[in-house]
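> Each chain, letter by letter, is given below.
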Amino acid sequence: MSQTATTPSPATETAPTSAVSVDGLVKNYGEVEAVRGIEFDVASGEIFGFLGPNGAGKSTTINMLCTLVRPSGGTARVAGHDVVSERDDVRRNIGLVFQDTTLDGYLTAEQNLRLHAELYGVPREMVGERMRQVTEMVGLWDRRGSLVNTFSGGMKRRLEIARGLLHSPRVLFLDEPTVGLDPQTRSSIWRYIRELKTREDITIFLTTHYMDEAEYCDRIAIMDQGRIIVLDTPAALKAEVGKDRVQIQTDDDQAAIAGLREHFDIDATVAEGAVTFGVPEGGQFVPRLFDEWNPDLPAIRSVSVARPSLDDVFMAHTGTTIRDAESGQTDTRRNFARMMNR
Amino acid sequence: MATETTAPLGAPQLPNGRPPAAQPGTPHEIARVRVPTRSLRSELRAIKVVWKRELIRFSRDRLRILTSLTQPFLFLFVLGTGLSRLASAGTHGVNLRTFVYPGVLCMAVMFTAMFSAASLVWDREFGFLREMMVAPVRRSSLVLGKCLGGATVASFQGVIVLCLAGLVGVPYAAGLIVEVFALQLLLAFAITAFGVMVAARITQMQSFMALMQMAIMPMYFLSGALFPVSGLPQWLAILNRLDPLTYAVDPMRRAVFAHLKISAAARHALDPGVTWWSWHVPSLVEAAVVAALGLLMLTIAIVQFSRAE
Chain A
1264 MSQTATTPSP
1274 ATETAPTSAV
1284 SVDGLVKNYG
1294 EVEAVRGIEF
1304 DVASGEIFGF
1314 LGPNGAGKST
1324 TINMLCTLVR
1334 PSGGTARVAG
1344 HDVVSERDDV
1354 RRNIGLVFQD
1364 TTLDGYLTAE
1374 QNLRLHAELY
1384 GVPREMVGER
1394 MRQVTEMVGL
1404 WDRRGSLVNT
1414 FSGGMKRRLE
1424 IARGLLHSPR
1434 VLFLDEPTVG
1444 LDPQTRSSIW
1454 RYIRELKTRE
1464 DITIFLTTHY
1474 MDEAEYCDRI
1484 AIMDQGRIIV
1494 LDTPAALKAE
1504 VGKDRVQIQT
1514 DDDQAAIAGL
1524 REHFDIDATV
1534 AEGAVTFGVP
1544 EGGQFVPRLF
1554 DEWNPDLPAI
1564 RSVSVARPSL
1574 DDVFMAHTGT
1584 TIRDAESGQT
1594 DTRRNFARMM
1604 NR
Chain B
10 MATETTAPLG
20 APQLPNGRPP
30 AAQPGTPHEI
40 ARVRVPTRSL
50 RSELRAIKVV
60 WKRELIRFSR
70 DRLRILTSLT
80 QPFLFLFVLG
90 TGLSRLASAG
100 THGVNLRTFV
110 YPGVLCMAVM
120 FTAMFSAASL
130 VWDREFGFLR
140 EMMVAPVRRS
150 SLVLGKCLGG
160 ATVASFQGVI
170 VLCLAGLVGV
180 PYAAGLIVEV
190 FALQLLLAFA
200 ITAFGVMVAA
210 RITQMQSFMA
220 LMQMAIMPMY
230 FLSGALFPVS
240 GLPQWLAILN
250 RLDPLTYAVD
260 PMRRAVFAHL
270 KISAAARHAL
280 DPGVTWWSWH
290 VPSLVEAAVV
300 AALGLLMLTI
310 AIVQFSRAE
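Residue numbers (my numbering), protein chains in the order written: chain A, 1264 to 1605; chain B, 10 to 318.
Simulated from the structure, these hints should not be mistaken for lab results. Just so you know, even glycine gets a beta-carbon here, dropped at the ideal spot from N, CA and C. Hints should not be assumed to be uniformly reliable.
Claimed, not checked - Residues from chain A that keep clear of chain B, each with C-beta distances beyond 10 Å, as calculated: (1) Arg1299; (2) Thr1364; (3) Thr1365; (4) Leu1366; (5) Asp1367; (6) Gly1368; (7) Gln1374; (8) His1379; (9) Gly1384; (10) Val1442; (11) Thr1448; (12) Trp1453; (13) Tyr1455; (14) Gln1510; (15) Ala1537; (16) Gly1546.
What the hints assert, rightly or not - Here are the simulated distance ranges between beta carbons: (17) Leu305(B) <-> Val1347(A): 51 to 57 Å; (18) Thr79(B) <-> Arg1299(A): 37 to 43 Å; (19) Leu1410(A) <-> Ser315(B): 29 to 35 Å; (20) Gly1300(A) <-> Phe190(B): 57 to 63 Å; (21) Pro242(B) <-> Asn1412(A): 47 to 53 Å.
What the hints assert, rightly or not - With a cut-off of at most 27 Å between alpha-carbon atoms, the simulated DSS-like pairs for lysine-lysine come out as follows: (22) Lys1460(A) <-> Lys1506(A); (23) Lys1419(A) <-> Lys61(B); (24) Lys1460(A) <-> Lys1501(A); (25) Lys270(B) <-> Lys1419(A).
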């Protein structure tokens, strides 16, 4: 990264498109396979999200990428450097915000930032200016003299984001950046993340198990049980599910279901107190529904159309919802599914 | 190492030679910092900042400064005064407080050093250790900074006890102060290194404290901090000679007694000096023993932290 004899081969420096490049990455803890051979690329400047329930292997993967955990197999390059053989080069080029705070509560915000600047060797003459920029961005400039212990959870997280940016990393890793925060703070954290993309030349790699947050990402990888199940843009993933969810309310649900089968060749069921079914283009289907609705059928009192959510995507690929996967019902559900398929 | 350590200001450029993402219309341009490659200078900066953090934290914690002085005060003034009537027959007219003074000074230093090392366990628990572990610096720099910080803080505590010398009949002689200061600095470093070595493995505060107490208390009682080391029963003499702390207390006591005007009999009884098979071990050798052990434990601590993920 600078003109020194110790700089690794120039080839590693010319990887303008991939900020993160992973190939066959594996991590075993004894018998437990936490990550079972994953591969993906993250382009420079992307906001890339890792989505999955707790225990899916997201944190293990992120820890391998930021050189905290040694892979059991496979390779990973971050900012053009190998995470095993060029550990220091990787570390200089990444910023980290962990799930749990890593601030020193007995120091002030400014002291925490200065300590970071010293550890990362940020040139002294730049520390003051850079510190001002990053703390202003997260709205903590005025509080820089306060002890971190006096900060709320949201302020701590914001300070950690500022600290992670202090040394101008090329890739910022955010491990569950909004977990445990109230909705308002969550949305402000997301505002910073998206602002960042326009202000700095940076790639953002984050993990989350909030479906609604995954929508903010340019691309997401859904991870479950140590594997990447699917990887694409949120829109493409949802399009892949294919069907919008249409719900209609009638006075006689059974007659409506029979009518749908007879006239529209659609299988519907009653869910959430309404006749529910899936069609490829919900918006276009509704006018047709009314045009062709037989007057003998019970009158439709209301219609709602919902685009597929990432919940539907997760469901389509794993056969379970992320919430059920979290609450540990995954295995029983899977066993049940296996039983049914037999 | 000829490393370019300062980034050219105002000429932000990415490592791969691409121009920086100029964002016209953004609220304010953010200066891109270039982090230099690792060099001796960056390691020294890391050592210094870890050291400085210990000092900042210690200065914030006034309560700790006070509480860690209670024990030495109790030993020096309460125990020293109370027992002096019992012990007067054996001390040849020397005040017992004067006799235990070097031992008490060691105690003050030891406990402070131990608490400094213990903060590493907190650092792990509260996550801050992770911030240090992912930094692009050698783990040895972090461990060294921590040990130096602990040693500095502990010897500050020692200086407070050193100031009390006059109250227990120890003269304020320049040579004495320098020698005692140097010895307690060495002890502080060795004990911090010991604590850091233990903290590398022990991740829970309760276990750490229990283990340290278990190590420190016997070490302290066996060391001769509270009794002369000659004429002991053989089992105690052996344990005393094996105790590393013996070699910190003894030279300190010698330094103190060298500046006292007392009878030869008293000197012989109270400051016999440590012997190995009747060889009188010189102070310098004793100090070297402490230094060697300190360095050994520092090395073990560094190896352990370098291995840790």
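> Hint by hint, say whether it matches the structure.
Evaluated hints:
no. : hint                                 : in the structure
1   : Arg1299                              : 19 Å, holds
2   : Thr1364                              : 5 Å, violated
3   : Thr1365                              : 4 Å, violated
4   : Leu1366                              : 7 Å, violated
5   : Asp1367                              : 5 Å, violated
6   : Gly1368                              : 7 Å, violated
7   : Gln1374                              : 7 Å, violated
8   : His1379                              : 7 Å, violated
9   : Gly1384                              : 4 Å, violated
10  : Val1442                              : 14 Å, holds
11  : Thr1448                              : 19 Å, holds
12  : Trp1453                              : 18 Å, holds
13  : Tyr1455                              : 13 Å, holds
14  : Gln1510                              : 43 Å, holds
15  : Ala1537                              : 47 Å, holds
16  : Gly1546                              : 35 Å, holds
17  : Leu305(B) <-> Val1347(A): 51 to 57 Å : 30 Å, violated
18  : Thr79(B) <-> Arg1299(A): 37 to 43 Å  : 56 Å, violated
19  : Leu1410(A) <-> Ser315(B): 29 to 35 Å : 32 Å, holds
20  : Gly1300(A) <-> Phe190(B): 57 to 63 Å : 59 Å, holds
21  : Pro242(B) <-> Asn1412(A): 47 to 53 Å : 52 Å, holds
22  : Lys1460(A) <-> Lys1506(A)            : 32 Å, violated
23  : Lys1419(A) <-> Lys61(B)              : 22 Å, holds
24  : Lys1460(A) <-> Lys1501(A)            : 24 Å, holds
25  : Lys270(B) <-> Lys1419(A)             : 60 Å, violated
Violated hints, in rising order: 2, 3, 4, 5, 6, 7, 8, 9, 17, 18, 22 and 25; the structure is consistent with all others.
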